[in-house]
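As given, the protein sequences belong to chains A and B, one line each in that order. The letter at position 28 of the first sequence is residue 28 when you use the UniProt record's numbering, and the numbering goes up by one with no holes. The letter at position 51 of the second sequence is residue 51 when you use the UniProt record's numbering, and the numbering goes up by one with no holes.
Hints are not guaranteed to be accurate.
[Said to hold, decoys possible] Derived DEER-like restraints, expressed as beta-carbon distance ranges:
hint, chain 1, residue 1, chain 2, residue 2, range
1, B, Asp40, A, Ala157, 31 to 37 Å
2, B, Leu23, A, Ala248, 41 to 47 Å
3, B, Asp28, A, Leu16, 45 to 51 Å
4, B, Arg30, A, Pro86, 47 to 53 Å
[Unchecked claim] Here are the simulated SDA-like cross-link-like pairs (lysine to any residue), alpha carbons at most 20 Å apart as the crow flies:
hint, chain 1, residue 1, chain 2, residue 2
5, A, Lys173, A, Glu150
6, A, Lys115, B, Ala8
7, A, Lys115, B, Tyr11
Honestly, the hints are just simulated from the structure, not real lab data. None of the values given here were measured: they were computed from a predicted structure. No residue lacks a Cβ here, since even glycine has one placed at the ideal position from N, Cα and C.
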Amino acid sequence: MRMIRELANPTRFMSLSGALLPWVAGLAVLLLGAGLYMVWFTAPPDYQQGETVKIMYIHVPAAWLSLFFYMIMASSALGTLVWRHPLADVSQKAAAPIGAAFTLICLVTGSLWGKPMWGTYWQWDARLTSMLVMLLIYLGILALWRAIEEPNRAARAVSILTLVGAVNVPIVKFSVDWWNTLHQPASVFRLGGPTIHSSMLVPLLVMAVAFTLMGVALHLAGMRTEILRRRVRTLTILEAERLDAQAA
Amino acid sequence: MSHGFFIALSYILTALVVAGLILRAVVDHRMQVRALAELDARGVGRRSRRG
């Protein structure tokens with residue numbers, strides 16, 4: 001909690017994130033290289049799906065990041081509304097396009113995996129539909145950020161929408177347990193432990209960590225840019241006020 | 001269509017989306033740094049330290 005309070009100072013955040021960013025990005029690239037090597041050269045084909053199972057190594061991490069970034073946005077929304085943390089809405093705004101992009105990747109790769117395995121690109125089952133709803137919520141949040149110019153007002157409106165949309169997170173996660181779906185049930189993050197053989201589980205986890213670090217690096221970079229954008233906005237307003245005063 | 005087509009298309013589209021995210025981050029950051037520098041050059045800089 002103390003660290004979060006210390007990071008409330010944007011200048012301190014810029015300095016800390018500037019030092020951290022190259023390491024996180026570098027580690028993400030290294031792990032992504034290692035993960036892709038395992039996927040293409042050591043992971044075995046599935047006994048039923050053959051090589052098509054390779055889509056799993058990008059589909060599952062993308063799905064995980066879609067939920068991960070939504071949880072970041074929901075925590076940031078609480079930070080904005082409850083604690084009024086100065087960086088909470090910065091974090092929320094930076095997370096939205098990243099979460100939306102990974103949700104899109106999840107849907108597209110799932111569709112491309114579904115066609116050869118299920119014989120269809122799309123099925124209105126609970127998991128696929130709730131994931132599509134997730135993308136629509138992300139797009140709604142992005143649109144709301146653009147619709148309101150004043151950052152603080154926009155942050156409050158977006159925070160409320162984000163918290164309302166958070167209802168969809170458990171629906172996405174548990175849809176395969178609550179309803180009879182074409183999508184398979186959870187096979188990694190489940191109570192009884194993973195049901196995937198280690199020869200596939202290890203590359204999958206390496207790819208998941210690589211994607212997560214890549215997402216964190218993009219989020220840090222996005223937050224830094226958003227802080228700069230707000231400085232530009234403040235200084236532009238100051239300049240306009242100064243010019244007005246000179247003209248008067 | 002062969003299964004290879006679906007695998008390749010999945011990886012290509014993922015790479016394109018991720019490349020788009022990275023490109024957007026870099027371009028946006030440079031634009032803000034440039035805008036701050038211009039404001040600084042006009043003497044508006046209050047405490048416009050660049051990150």
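Exercise. When the hints from earlier in the document are held up against this structure, which numbers fail?
Worked result: 3, 4 and 5
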